[in-house]
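Asker: Make a model of the complete structure from these sequences and hints.
Number of protein chains: 4
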Amino acid sequence: MTELAAVKAALRTQAVETPSWAYGNSGTRFKVFAQQGVPRTPREKLEDAGQVHAFTGVAPTVALHIPWDKVEDYTALAKYAEERGVRLGAINSNTFQDDDYKLGSICHPEAAVRRKAVDHLLECVDIMDATGSRDLKLWFADGTNYPGQDDIRGRQDRLAEGLAEVYERLGDGQRMLLEYKFFEPAFYTTDVPDWGTAYAHCLKLGPKAQVVVDTGHHAPGTNIEFIVATLLREGKLGGFDFNSRFYADDDLMVGAADPFQLFRIMYEVVRGGGFTSDVAFMLDQCHNIEAKIPAIIRSVMNVQEATAKALLVDRDALSVAQASGDVLAANAVLMDAYNTDVRPLLREVREEMGLDPEPLAAYARSGWAEEIVASRVGGEQAGWGA
Amino acid sequence: MTELAAVKAALRTQAVETPSWAYGNSGTRFKVFAQQGVPRTPREKLEDAGQVHAFTGVAPTVALHIPWDKVEDYTALAKYAEERGVRLGAINSNTFQDDDYKLGSICHPEAAVRRKAVDHLLECVDIMDATGSRDLKLWFADGTNYPGQDDIRGRQDRLAEGLAEVYERLGDGQRMLLEYKFFEPAFYTTDVPDWGTAYAHCLKLGPKAQVVVDTGHHAPGTNIEFIVATLLREGKLGGFDFNSRFYADDDLMVGAADPFQLFRIMYEVVRGGGFTSDVAFMLDQCHNIEAKIPAIIRSVMNVQEATAKALLVDRDALSVAQASGDVLAANAVLMDAYNTDVRPLLREVREEMGLDPEPLAAYARSGWAEEIVASRVGGEQAGWGA
Amino acid sequence: MTELAAVKAALRTQAVETPSWAYGNSGTRFKVFAQQGVPRTPREKLEDAGQVHAFTGVAPTVALHIPWDKVEDYTALAKYAEERGVRLGAINSNTFQDDDYKLGSICHPEAAVRRKAVDHLLECVDIMDATGSRDLKLWFADGTNYPGQDDIRGRQDRLAEGLAEVYERLGDGQRMLLEYKFFEPAFYTTDVPDWGTAYAHCLKLGPKAQVVVDTGHHAPGTNIEFIVATLLREGKLGGFDFNSRFYADDDLMVGAADPFQLFRIMYEVVRGGGFTSDVAFMLDQCHNIEAKIPAIIRSVMNVQEATAKALLVDRDALSVAQASGDVLAANAVLMDAYNTDVRPLLREVREEMGLDPEPLAAYARSGWAEEIVASRVGGEQAGWGA
Amino acid sequence: MTELAAVKAALRTQAVETPSWAYGNSGTRFKVFAQQGVPRTPREKLEDAGQVHAFTGVAPTVALHIPWDKVEDYTALAKYAEERGVRLGAINSNTFQDDDYKLGSICHPEAAVRRKAVDHLLECVDIMDATGSRDLKLWFADGTNYPGQDDIRGRQDRLAEGLAEVYERLGDGQRMLLEYKFFEPAFYTTDVPDWGTAYAHCLKLGPKAQVVVDTGHHAPGTNIEFIVATLLREGKLGGFDFNSRFYADDDLMVGAADPFQLFRIMYEVVRGGGFTSDVAFMLDQCHNIEAKIPAIIRSVMNVQEATAKALLVDRDALSVAQASGDVLAANAVLMDAYNTDVRPLLREVREEMGLDPEPLAAYARSGWAEEIVASRVGGEQAGWGA
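If you read the protein sequences in the order shown, they are chains A, B, C and D. Sequence positions in the first sequence follow full-length UniProt numbering and run 1 to 386. Sequence positions in the second sequence follow full-length UniProt numbering and run 1 to 386. Sequence positions in the third sequence follow full-length UniProt numbering and run 1 to 386. Sequence positions in the fourth sequence follow full-length UniProt numbering and run 1 to 386.
Calculated from the structure, these hints are not laboratory results. A hint or two may mislead.
For chains that are exact copies, the list does not tell them apart, and a pair is met inside one copy or across any two.
To be verified - Subject to a maximum C-alpha distance of 20 Å in a straight line, what follows is the list of computed PhoX-like cross-link-like pairs (lysine-lysine): (1) K31 - K70; (2) K102 - K116; (3) K204 - K236; (4) K31 - K116; (5) K208 - K236; (6) K116 - K70.
Answerer: If you want it as C-alpha cells, here you go:
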C-alpha cells in the first residue's frame, strides 16, 4: 500500500461520535434561541445523526445523555438507530440539573445527595448494558463558588468514594471516561479541574478508568497536545470531547477557532498511536446561533481535515530534523503538512466511499432541512434540560 | 475635622446602588436553582432592596432592568420605592433576550432589528423621564461567534449610528453609561469588548456619554485600577458594576475573589476624585447558590471595607515615598492601609448612623427571610428573562 | 486586470520591514545563546537584511534601534544600505537599558530622568532627519512592579507631557508610532498597557501620532483583529510589529503560533484599506534558538502567505452571506480562503519578480550562512544592549 | 495550651528558607539593574541571609544554587553559615545556562548533552552529602519554542530516564523536589509544565520524589490552593517556591500581588497537615528594582501574616457551616480570619522570641545596608549567571 493509500485508508475508517444534545437547542445563560425543526425526541435526534453520517461517512455513532435521552426501551432505540444508519455510543450522565445538586452531586456535603448521584451513575451503567455502549462519560459540575464554602480535600475523598462504587459496577469491556474542566458552572473550585486530577483518580481506579480531554476545558494558553501526548504515553487517554473556543468553554465547532491547534492535537494522536487504539473521538458542541445539522457536518469535516494533515506529516523527515536539532527544518516539516490543502484528498476519499464529495452541498440539496421544519411542529423541542 | 472624622463622614455618605435583578433567580447555562422567597414583582424587589438599605444605610437606590421591571406606572413604582426607604436608580436596557436578537441588536446586520433595538433604548429614556433616573446603562450582548460571521467594522458603524440617536434623546442631567465586556455571550468578537472601544464611542458622542467599568468584564490579568485611573483622568468614568470573578464573568459577590484588587480600585477612585464626583457605584451580581439578600448586604459591606481602607491610605507619606523612588516604602504605605482591620471603624460608623453595627446579624434576626418565604408563594419568581 | 492578477500585483508590492536587532543575539532572562556569524556592527546587520530582501523581494527596509545602531554618519549608513539593496526604515528608541531608567524613563518620578529620556527621543528625530526615516517607533518599558510604587495617574501626566514635546519636534512627513504592551518588564502597571491608552494619547497629540500593534502584546484571549479593524476605522493604525506568541511576549516567528489569527488580522487590514495606506508592516522578533536569517526569511514568507489568503477572500460572497445572517456560509467563505494552499501562487509571484520560487532553499544554497560564520570572527556580536 | 498560645507556638517554629540568588542581582531580558552592596560570593550571600534570620527569627536556612554557589569546601561553607546564624538548605541545580543547553538538558535530543545534565544533577547530590542538605530541587528550562521542533513524547521518555538515574543516587533522608512551570524560557512546550506531569513522574520514581509548587508557575486563573490540597492528599507535596505574580512568572515578593490567595494556600497547608510535615517553605524571588534584604524580610513577614491568618481560621465553625451547606456562613468564617489584622499578634510573637517587633525598622536601624555598600566594593556582583 502506498503512503497515500494508507492515509486514505485511515481516513475511511475514522469515526467521530456526534452527541445527541448538539441536535437540540442550546444557548448561554442569557438566552436560548430556539431553531425550527429541532428534534423533540431521542428518535428524532437519531434521525438527524443519521443524516450527518449519511453525508460524511465517518460519524457512525451517537452519544446519549441521560436523562435527556431516557426511554423505556433501549433495545428499541438501538434498533431505531440502526434503521437510520447509526449506532448508540457513549452514555453521558447528568448530575447537574436536579435541584438537589445546587452544592454538588457526587462531592456534595450531604450523603443523601451523593447517594442519589451515584445511583444515577449506576443507572447509566444499566443503560449501557441495554444499549451495548462501551463508555460511560462522566462530567461533574461539582465545585464551589466561594472560598471556604466547602472543604476542598473532603470533596476529593467523596469523589474518590463515589467513583470507586461506579467503577466496581462496570462490566467487561465497559469503561469510565472521566472529564475534567477548568471552571464553569463552579466559579471558585472545580472538583475535577485539570487532567492531573482526572489522571490521579483514574490511576487509582484501574484500567477501565480513562481520562477524556474536552478541548474547551483548559486554562488560557494551555498546551493541549502536550496533555494528549502525555496521557497516551501513560495509557490513560480515553477519548476527546471536541469543540473549539476563543475564551472559556465556548463549545463552538471544532476547528473553528484554532485549526492549527487541532492539527497539532491530531498529530500527537497519530504519533502516539491513539488513532488506531480505543481512543474515542466525540464532538461536544453547542450550535447556539448556527444551523445545527450543517454545523455538525462541518465539524466532522474539520476533524477529518486536521486528521488528514496529521497523517500527511513526513515523520521520517521530522525525526531526522528533530534529532539533528534543526529547529527550522523540523518546524517546516510540520508546517508543510499543515499548509497542504487536503480538501481535494478528502473529496477523493468520499467518492471512494460512495459519498458525495461535498457533504454540505449534498445535505443542502437533500431537502432534509426543509422536511424537519415542516414536520417537526408542536411538541417540546429538545434542549439542555428538556 | 480630624482625618478619621473625615473618613467616617465619607463612609456615611457612600452610596452603593443594588440591582433589582440580583434579588431574583439567576444561574448558569447549566441550571438556575430557584430559591424560596424570591420576589415575583418589581415591587417585591424594591422591598428586598429596602431591607438592604435599612441594615447597611448606604444602599439608597435600586437599578431597574427593562423589560424585567416594566410596569404601567413608574410614578407609582417610585412612590412605592420611597415607602420602602429607597429610590429608583439607573435604567438598564435589555437587547439580548428577544428572538430577533440572535445575531445582535444595535449592531445587527438587518436594519429592522437595529430599529427595534434603538426603539427599546429610546423607550428606556422615556422611562428615565418618568422615574427621574439619571443614568441609562447600556450593555450589549452584540458580537459574533465565528470568524467571518459579520463585518467587524460594519458593526462598529451601526453601533455608532444607534448610540448617536439615543444620545440625542437624552435630556439635561441624563447620562448614557456604556459598558464593555471581554466576551460572553458572543464568543468570537464582542462589539464593545474593552474600555478603549467604549471610550472611543463616548468621546465622539459627547459629555453625557460615559464609560462604565464592570469589574468582571476583562481579560485575565487586566489591571483594572489602571483603567479606572485613566478614565478618571479623561473625565470619562461614569460608574462601576461591581462583582467579582476568578475566571470569566462569574458575577460573584464583590470583594469575594480578590479583596486586594477591590481596595486598589477604590484607592484609584479616591485618588482620582471619583468618590466625590458623579461616578455611580452599582452592584451587578448573580447569587446563584447563596441566599440573595444577605449576599447583597455582604457585598455592600465589602465595598465599604475596601473604601474605608482606601480612605485610610496615608497619601502624604505615599507621595513622599513615591517621589523618592523608595519602592518598598511606597508599597508599605499602601499595604498598611490594606492590612488594617476596618470592621471596628465601620461598626462605629453604623452606630453613629443609628444602625445596628452588624448588618448581617441584624438582618438574620429581623425575620424578613422567613417572612418572604412564607408570604411569597405562588406566582412566577423573578429571574433573568422573567 | 483579472482578480488573480490583482492579488499578485498586491503581493509583489508588499513591504515587510525587518528589524536590525533580530539579526543579533537575543534570549530570555535565563540565558542568551550566542550564534555563530551574528553581525557585529550596524553594517553587518544591513548585509544580512540585504540577504533577506534579495531572496524574498518584499523586505526592502530595515528598522534601526538607537543606540544599538548608533553610527557617526547616517548618510554613509543609508548609502551602505542601498549598496546592499535595502533602505533604512523606522527609528526605534531605547529608554530601558540605562541605569537611570530603573523606575521608568519618560514617566519616571524624577524630572531629570524624564529630561534625559525625552532628549533621547528628540535625538532619534534628529537621526530620522539624517536617515530620511518616516517613523519614530516608541516603546516604553515604563511601569511599576508593586502596588503603591508610583502614582498611576501622575505617570500618565508625565507621559503626556513628554510625548507632546517630541510630537512638536516631528517634521513634515514624520510620524510617531506609539506601541502598547500588556506587561513586561513592568509587572504591576505598565504605562501604555493597551490600545486604548495609546489611542487616547495619540488622539490628543494629533494626526502624526499613530498606534502600533505588536501582535505579542495583549492579554490572553484578546481579539487582535478587532483592534486592527477599530484602529483602521479611527484612522489611527500606524503599523504592526509582527511576531507570534503562545503565552506572553514570546517574540517567535510571526505565523508560527496561530497562523489563522495572522490571516484574520491581515483580512481586517485588507478590508479596512490598510494594505494600501501608510500602515507599516514590521517584524519584531527574537530568534533565540533558531538560525536568524532563515527565521526572518520564513517570517516574511509567513506574512506573505497570510496576506495572499486574505486577498483571496471572496468579499462579495462574504458580504452576501453576512447580510443574510447565514453564519455558516459566511464562515465558510472565510475558511475557503484560509484553507487554500497559497504556496504555489507565491512561487509564481516570486518567479515573476525574477526571484527563486523557494527563498529558503535558495538562501541555503547561496553560501551566505557559511560565509558569515567564517568571516565574522572576533569583535563583539550584536545583541540586546550591545 | 490555649488556642492563641498554639497559634503563637506554630508561628514561632515556622521556617521559611531564603534563596541565595535573591540576594544577588536579577532582572528581565531587557536589563539587569545592579544594586550597590550586593554580595559577590556565596559567603556574602550567607551574611545577608543571616541578617534576614536575625531580624525575622523564622528564616533559618538558605538554599544554594549550583554552580552559582559552587565552592571548594562545603563543610567550610556550612560552618560559615552557622557562624552567621543560618544553615545550608536545599540544593538547586542549573541546567539552563550552559551553551550546550540551547535545546534542553535532561530532555535534549542528543545523548551527550543529557549525560552532561544528569552528571550535573549527580554532582548536586554529592554536594548535598557534603552540606547535609535534605532536598535537591529540580527545575528544568527544557522545552521547545516551535511546533515540531522536537518530539514531545520522546522528551518525556528522556526525562523519565534521567530522573530515574538521579533518584537512584539519593541517599536515605534525601529527597528530589520536582518543580513544574507553565512556560518560560520555552515558549511552545515545556517538559514539566504542570503539577500533573510532575506528579506522574514522582509517582513512578517513588517516595523520595515530591512535587514543588512555585506560586508563579501556573496558567492564568489556576486555583493553586486546589493543587496544594490535592498534592497533600496524595502525599506528594514536597514544598513551595513562594513569590507572587500579576502576569507570568514575575517573581515579585510573595503576598504582594494577591495576599488573599496566599492566605488560601496557607489555609490548605494547615488544613492538610502540611504545616507540621516535611513540606519545605522556600522563597524564589527576584528583587529587580527594590532593595533586596528588606524585600526578603518583607516577604518572610508576608508569609508569616498569611500563616497566622490561616491558623486563626475557626475550623470547627467552618466545618459546621460547610456541612450545613450555608455558603455565606462558611465563607464568612474564612473571611473573618483573613480580615483580622494579625500584625499585633506577630509583634507579640517576635517579642516573645526576643526579637524586635518591627523587623524592617530594626534592620534599617542596624546599619547593615550602609555597611555592605561601603565594604562590598570591587569584585563581581552575584547575579543570575554570575
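Asker: Please list, smallest to largest, the hint numbers that this structure does not respect.
Answerer: none
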